[in-house]
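Undergrad: Take these sequences, add in the hints, and give me the full structure.
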Amino acid sequence: THGTGTALGDPIELGALKSVFGTEGAEGEDATIRMAHPLVLGALKTSIGHLEGSAGISGLIKLILTLLHGVAPPNLHLNQLNPHIDTDGFNVLIPTQPVKLLRANSSQHQEQGETLPVLVGGVSSFGFGGANAHALVQCHPIDDQQQQSVAELLEKGGLSAAVEKRK
Numbered sequence: 001t002h003g004t005g006t007a008l009g010d011p012i013e014l015g016a017l018k019s020v021f022g023t024e025g026a027e028g029e030d031a032t033i034r035m036a037h038p039l040v041l042g043a044l045k046t047s048i049g050h051l052e053g054s055a056g057i058s059g060l061i062k063l064i065l066t067l068l069h070g071v072a073p074p075n076l077h078l079n080q081l082n083p084h085i086d087t088d089g090f091n092v093l094i095p096t097q098p099v100k101l102l103r104a105n106s107s108q109h110q111e112q113g114e115t116l117p118v119l120v121g122g123v124s125s126f127g128f129g130g131a132n133a134h135a136l137v138q139c140h141p142i143d144d145q146q147q148q149s150v151a152e153l154l155e156k157g158g159l160s161a162a163v164e165k166r167k
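Numbering (UniProt numbering), first residue to last: 1 to 167.
Bear in mind the hints are in silico, worked out from the structure with no lab data behind them.
Be a bit skeptical, because a hint or two may be false.
As the list claims (entries may be wrong) - DSS-like mimics (lysine-lysine), calculated; alpha carbons at most 25 Å apart, straight line:
{"no.": "1", "residue 1": "K45", "residue 2": "K165"}
{"no.": "2", "residue 1": "K100", "residue 2": "K45"}
{"no.": "3", "residue 1": "K100", "residue 2": "K18"}
{"no.": "4", "residue 1": "K45", "residue 2": "K18"}
{"no.": "5", "residue 1": "K165", "residue 2": "K100"}
Unchecked claim - Cβ-Cβ distance ranges computed for the label pairs, FRET-style:
{"no.": "6", "residue 1": "L78", "residue 2": "A133", "range": "24 to 30 Å"}
{"no.": "7", "residue 1": "N91", "residue 2": "G130", "range": "30 to 36 Å"}
{"no.": "8", "residue 1": "G129", "residue 2": "A36", "range": "38 to 44 Å"}
Glycine residues also receive a C-beta, built at the ideal position from the N, C-alpha and C atoms.
TA: Have a look at this one:
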């Protein structure tokens, strides 16, 4: 999410996501599929603040790392959900602890014959001049050795973030 933590912005953003991914308007199998796996929402701003001009690329890096490692990091400092956010009929998860994501490229689950969802994520960026951008990223199935190589490459980058609340 854009995740600014504003009283008006977050409910509007989640309302839009609910209208697309919630069960309202969905019937039969479509409604069942939508409720089978939660939509996991995260905001990088809770870990590193608002980076203004580099917020979009930082969010994209976070999304790629989330899909690569199969773990959604927590939304730090989230103690209470905004009371104007309505999650009824919307299988949404806003993690406050790291959450392991089940993914289609998990060799453990493939061996057991399980069909798992392909992980897809989105990241939005809004420019000061009114530009809006949204990127969708899908996790391509890779084996464990390939995953390690990609992880090593990405870890050489210079982006780091808090993983726990400061006391």
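Undergrad: Work down the list of hints and note, for each, if the structure agrees.
TA: Evaluated hints:
no. : hint                   : result
1   : K45 - K165             : holds (13 Å)
2   : K100 - K45             : holds (21 Å)
3   : K100 - K18             : holds (22 Å)
4   : K45 - K18              : holds (22 Å)
5   : K165 - K100            : holds (19 Å)
6   : L78 - A133: 24 to 30 Å : holds (25 Å)
7   : N91 - G130: 30 to 36 Å : holds (33 Å)
8   : G129 - A36: 38 to 44 Å : holds (40 Å)
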